[in-house]
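A.B. asks: Chain by chain, the residues:
There are 6 protein chains.
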Amino acid sequence: MIHGTHNAVDDTRNNDILVYINGDFYKREEAKISVFDSGYLVGDGIWEALRLHQGVLVFLEDHLERLWTAAATVGMQFPFSKNELKLTVEKVLKKNDMHDDVHVRIMITRGIKKTPSQDPRLTISGPNIVIVPEYKKASSETKEKGITLFTSTIRRGSPDYLDPKLNCHSKLHEVQALIQAIEAGADEALMLDVNGFISTCNATNFFMIKNGEVWTSTGEYCMNGITRAKVIEVCKIHDIPCHQKNVSLFDVYGADEAFVTGTFGGLTPVVKIDGRQIGNGTFGSLTRTLSAHYHQLIKTYISNVKG
Amino acid sequence: MIHGTHNAVDDTRNNDILVYINGDFYKREEAKISVFDSGYLVGDGIWEALRLHQGVLVFLEDHLERLWTAAATVGMQFPFSKNELKLTVEKVLKKNDMHDDVHVRIMITRGIKKTPSQDPRLTISGPNIVIVPEYKKASSETKEKGITLFTSTIRRGSPDYLDPKLNCHSKLHEVQALIQAIEAGADEALMLDVNGFISTCNATNFFMIKNGEVWTSTGEYCMNGITRAKVIEVCKIHDIPCHQKNVSLFDVYGADEAFVTGTFGGLTPVVKIDGRQIGNGTFGSLTRTLSAHYHQLIKTYISNVKG
Amino acid sequence: MIHGTHNAVDDTRNNDILVYINGDFYKREEAKISVFDSGYLVGDGIWEALRLHQGVLVFLEDHLERLWTAAATVGMQFPFSKNELKLTVEKVLKKNDMHDDVHVRIMITRGIKKTPSQDPRLTISGPNIVIVPEYKKASSETKEKGITLFTSTIRRGSPDYLDPKLNCHSKLHEVQALIQAIEAGADEALMLDVNGFISTCNATNFFMIKNGEVWTSTGEYCMNGITRAKVIEVCKIHDIPCHQKNVSLFDVYGADEAFVTGTFGGLTPVVKIDGRQIGNGTFGSLTRTLSAHYHQLIKTYISNVKG
Amino acid sequence: MIHGTHNAVDDTRNNDILVYINGDFYKREEAKISVFDSGYLVGDGIWEALRLHQGVLVFLEDHLERLWTAAATVGMQFPFSKNELKLTVEKVLKKNDMHDDVHVRIMITRGIKKTPSQDPRLTISGPNIVIVPEYKKASSETKEKGITLFTSTIRRGSPDYLDPKLNCHSKLHEVQALIQAIEAGADEALMLDVNGFISTCNATNFFMIKNGEVWTSTGEYCMNGITRAKVIEVCKIHDIPCHQKNVSLFDVYGADEAFVTGTFGGLTPVVKIDGRQIGNGTFGSLTRTLSAHYHQLIKTYISNVKG
Amino acid sequence: MIHGTHNAVDDTRNNDILVYINGDFYKREEAKISVFDSGYLVGDGIWEALRLHQGVLVFLEDHLERLWTAAATVGMQFPFSKNELKLTVEKVLKKNDMHDDVHVRIMITRGIKKTPSQDPRLTISGPNIVIVPEYKKASSETKEKGITLFTSTIRRGSPDYLDPKLNCHSKLHEVQALIQAIEAGADEALMLDVNGFISTCNATNFFMIKNGEVWTSTGEYCMNGITRAKVIEVCKIHDIPCHQKNVSLFDVYGADEAFVTGTFGGLTPVVKIDGRQIGNGTFGSLTRTLSAHYHQLIKTYISNVKG
Amino acid sequence: MIHGTHNAVDDTRNNDILVYINGDFYKREEAKISVFDSGYLVGDGIWEALRLHQGVLVFLEDHLERLWTAAATVGMQFPFSKNELKLTVEKVLKKNDMHDDVHVRIMITRGIKKTPSQDPRLTISGPNIVIVPEYKKASSETKEKGITLFTSTIRRGSPDYLDPKLNCHSKLHEVQALIQAIEAGADEALMLDVNGFISTCNATNFFMIKNGEVWTSTGEYCMNGITRAKVIEVCKIHDIPCHQKNVSLFDVYGADEAFVTGTFGGLTPVVKIDGRQIGNGTFGSLTRTLSAHYHQLIKTYISNVKG
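Here the protein sequences line up with chains E, S, P, D, U and L, keeping their order.
The opening residue of the first sequence carries number 1050 in my numbering; numbering runs sequentially from there.
The opening residue of the second sequence carries number 1050 in my numbering; numbering runs sequentially from there.
The opening residue of the third sequence carries number 1050 in my numbering; numbering runs sequentially from there.
The opening residue of the fourth sequence carries number 1050 in my numbering; numbering runs sequentially from there.
The opening residue of the fifth sequence carries number 1050 in my numbering; numbering runs sequentially from there.
The opening residue of the sixth sequence carries number 1050 in my numbering; numbering runs sequentially from there.
Just chain E, same shape as in the assembly (with noise of 0.2 Å):
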């Protein structure tokens, strides 16, 4: 969502942050990776977002996990664990003194490379790791206003191209559904998977409810978001039906709310898809209760954390 962006991105405090880069810090400006980097040359790489929410790191294992799952996919090995990763980053935050409030984004390339080309028996480093630690806080204006989508001419890929779950560094495509929405006047854009369905925004998912029930995507095209896990969650845990299903154009002009979600903002109602009006054009009430459930659910996990 830009305009939360904007104003996260607008944080004086992030021209101070120290980036970790394999091992080492560096200011903002002196952040750099090699040009024979495999994610810089052919977008070989992969990368999660985590909130540090109160100290904790929110949901920290689904996030490790899907790290984990992404390396099997595009065949990494990382030289460290789970909790090993989990260390370093906890270091990161402790050494910019990051206590709540801040997206942290892991970035693992393949390593570099011994002259720019796409084959892996060329790599002559292990894997290069980035970890970015940012203030950055939604703006409780934007999620009143709500955004606006417009549905965008590029397709979610198949499974057998690029896995559309997979958080990687290959993501020219989902720019380019960007591009065309916002010369649309529109916020963000609204994806389609390769059979017509509505399947994920370019940068959020999506969903809509209609008649009481919480509507999404079937998943398998769209990226595998965490935020969009546990919106199904808390609406298994409340009783609310939610389906994840085919959804088509026919049915989203039609809703009575729509949301979007992610690491970073959260819930964030969308108020118009395509110039048309999505229900009356507000932060719908479902909308606020799911919200409302979800940040319960942070709370709680921060306290399981604590203890």
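Any given hint might turn out to be false.
A pair counts as met if it fits within one copy or between any two copies, since identical chains are not told apart.
What the hints assert, rightly or not - Below, computed lysine-lysine pairings styled on DSBU-like, alpha-carbon distance capped at 30 Å:
{"#": "1", "residue 1": "Lys1348", "residue 2": "Lys1076"}
{"#": "2", "residue 1": "Lys1140", "residue 2": "Lys1186"}
{"#": "3", "residue 1": "Lys1348", "residue 2": "Lys1259"}
{"#": "4", "residue 1": "Lys1321", "residue 2": "Lys1259"}
If you're looking for bench data, these hints aren't it; they were derived computationally from the structure.
Given the structure of chain E, go ahead and fit chains S, P, D, U and L onto it with the hints provided.
C.D. replies: Leaving out everything else, chains S, P, D, U and L in the frame of chain E:
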């Protein structure tokens, strides 16, 4: 092609090259780009690879044209002209005192982001330009022996996902295809398009020969290879029937000869696909003829440029 | 269903009905719409069909909800509320002094165009509303004998073309499917979706029974039938296993029973598909049970409305 | 094209035209068709649009041929010959005393139905024929300025659904595409085919120019435009390379020029697509040349007819 | 073609033919193959059908080339050369004392399996070769009357499934298509490809004629017919425009003439498709011309062989 | 599974089995079928494989039900009842004096053709029935070691081609997939469906385990395995979460355990896919539990039958 590449990068002169980054020159191990660069973060960048033969950048105009089309596709605008870029490349070569058998990779990314994000509106610099010149020469041994391919499960995507013609920094799917081929014991991956027809290899273009005719894919789902275009051109010049059409594995397994093309290696024979010998398993005679024609085309280009 | 329909329209009382057009009433032969109407010109309109049983418009709320969703899909806004439309329909029935076994078709088109064109900006009137009430009763003979289907070559489209759930005035593809089935000697066309699974018939929904279970398509590519939804509902109420899933001709040819559903005919047994007898070729016993449950649901609805 | 159309329909002479319906003439506001007409009910009808230039119905034979093919496709048989229809159109023009700059729309629907239904067996009349003649002239201002396109999410369907070449009364999907383009601020929608290649605009055909070559889609999923065919013909006549092939957005965004074609507007330049300027954003020079050639073709046709 | 085949097999001379199996000759009723043969067990075999005219095996080289390509596709290696197979066929004909109007079917399966299984590693014999020679002559009555087609729901598969060009022992899908056409009252099935375009009939290739041009499918999804190739060749020789392209039912229903081709029947006119008459419903004049040209080609071939 | 099969077929008792063909018994090397049999000619036949454990044909009713559904699909009618076929199988076992660890393959083809042809109207006999009983026991060594898979380029077809659920004699595509896997050094092929999701192996069904859940494909494109159904059943019985859903290589490479199922081998662990180790590369603990549950289900079945 792996073997050729290995030989190429073992040229010790490459240890001392100077890499161009946004106007400055850096030693190989100091050549670095910001971890906030869009190419590193989300594969949001485009590139070209050129050959310097006898002091001449071969087919330069074609490469620049392709680069400018790629920029239009991804919505980037360059703050320099084609001629200015050409002068920059020449400056890089001069600085490195390079004259022959040089491979030049130009990489242009959207620029530095305020924060890790797909959003082009958060770009806070102009495009980053990196130029890596290296000594590389295809090994004649590899050429004589030929290479082996394995048909990957990974497909070429549709143009409504990420246009497969685009030379960009989001190439993880091609890395994935190559990994599968390597696991199957082959040198490079043969890739099918979404309809199941032969499209291309992961990093080179594919051709086959049947009854004196040259066949290659329609070009709709494959890399937009300049060497590919030149092979088609020499066929026209020399009245060798050449068809761009949908070719299936039925055709490929029954081919008389096969070869791949690329800027680096020119034409390299393929001797085995999916474990099945192609033709008599050697550098085919029509492939050899086409290779000679192609080298003649380069010679003509060079002498035209040199006047 | 053909036979039923024929019987229905042979009710001579229909000769004297009054058709509602934008507030006025017209005799059947004088009921006309402008040739500049968007529905006539380019199929740009939506419709609903309702049943009047014993003075009650059965499942009225479901029909109105579906109509309003359709309007959202095609970007039409009605200058009246659901209740106002309900009152209008009641006025039409009163004007015609109709009380039972009546089929009411409500058709709403975008409006009159300045000139024949697709362009919604050239619409110069509000929506045109036409209501046709007719006496129609499904023949019990047809029900007992059952109908025959033929699988058409014509497929259900994807939702990124024209959402197959939409009850609209652009239905020529369904006419085409029916024509092919008629040529093959059948009563109605069975239609596959884009992936080759059973979806629906051209004007009714399809169900089959296997080992005591009721199977119907996922609903993603088929008409969004209200009778279909009611059959699924009665299965739930009566603990009859009912699955919405991808069913292929493999399953259908081996079915124990099959039937189609529609607002007009309720449940009608299918006795032959593509020339192959289904089950024992008669009105199956579970079909008969479901039909009875469906009629009970209608009765309950009526008595609830009548209070 | 919107702007042109607007100008066209603002010709006040159109207020007084007489519309032909099944042999009789009606004033515009009295020109009506039965609400039981198959075209109104389910979009079951076909149409043609002709231009009258200097008293001559241009390319009349092509239009009649296309109409008869459409009739065969939808299984309609006309009770009149091509020549009889031609005489009828001439009668309509004479009745209206029209001689130049006239757009004639011929609409033929299957006929009146016994009851609202898809079933062709319930048709109780012969085909209904409606002919609307209007004064329309493309504004030269629009031509000079060019129009803007936006690539719609809505796709061209496959021929196994509703043949996209068919000029029929079921065109709601094209209306939907146009609505999305309008919401994005553009004049008309660019539509992709099922494979993600450029096909056509919602109501005109699309062409682009690259390095002196004219490219348009294969024609397999697009409207079967007669102006499109004539542009291809003039390319042949004047030795301008013209390719019907799969073109992607990669190609389109990098085009030197682009234009759309239609019976009404001839060739109209496209200056922006998805917010990106095409070429230098003006009426391109090769487009201008092709437009001149096209008008010459019309002139030749007229003088041939006039003898 | 059914009628022709019926006539053909009613030649009583066929009762006494000797069938060749792996070097030995057997009477028709004693001609048997092991139930452990891969062709019987899992359709793992390939075949060719040849015509003997006036003592000459017509187009023999084309048939052998196609057979060897099929072997490469399925990974079989023959323990004999093309010439050896030719000599074997001649031996079979001599043994049967056959000289004219003979249909020869060569069937080669992978061999006998250790146990019923797909696994090629369990093959314990060399390939099994069976040659069936029969007297067959297409009835001239059938040709004059023409045949009828019905478009089947069953599609041609993609080359990434089972290459539709392959003449193999796994043909149940074509049997299924034919069964549906028979149920619809037609002689043979017209089959669409995966994209909905016309591809081929179940056992012959399909051509249509429009405005003096000959159209047939691209060949990508259809049987790789040698008669098909010869028709295209005679068009070239006689300057008759012939296009291999995507043709839809839109085109087919509006065809002037249509015909099918096969080794057995040569060219046979099609007079009705899906119940709709093609052209004037007789043996079309251009079809007749092409048929004459084709027979001339055979004559020339024969006289060339005979010297 | 290869290794198991090899062991199995090395049981020397199989040299002396008697094969049933249409009522008579033949020694293995004399067990032959006419070369005019539809199964041999065009793969036009269907089959089942049963296991005899301790004198009981396990899950017999499921196998017969599946066989009768297959017959309906291909339009065959059996001249015998399920019970009669059961008695025939028992006769075969008695004749061979077989009591345990026996694999019985029943093959039923449409019958003998008048001439080699696809046409079912040319069938001149009733169906041919062949029953092959063999001693086969899965090697426990193979089970402990597990097998390796390679994802084939060859896909599962759509149900509108040849229904992938059908156990028929046209299986060359599965042979092709296996050949590719063998070339890549693996034991069996993993096959994707048309959308790129995991479907099945070439001759067994595929399951994976993630976080204590059992995942397998939707079943829409895979073999309709009875062992597969039984594994799903034991999961229900023992409250082990089991989901039939679209699973991609992303999920598979990150699986904790994986296994394949088949009538012959029951559950066999998979230790490597595409060269990547699955879990810890051994017989996983949940797989072991499921295998035990499955064998218990067989035991229960046997004791129920034996009373």
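A.B. asks: Indicate, hint by hint, whether the structure satisfies it.
C.D. replies: Okay, the hints, checked on the actual structure:
1. Lys1348 <-> Lys1076: Neither. Shortest intra-copy (32 Å) and inter-copy (50 Å) distances fail the 30 Å Cα cut-off.
2. Lys1140 <-> Lys1186: Answer is within: at 22 Å inside a copy they meet the 30 Å cutoff, but 46 Å across does not.
3. Lys1348 <-> Lys1259: Both, since 28 Å and 27 Å are each at most 30 Å.
4. Lys1321 <-> Lys1259: within (16 Å within a copy, 38 Å between copies)
Hint violations for this structure: number 1 only, all remaining hints satisfied.
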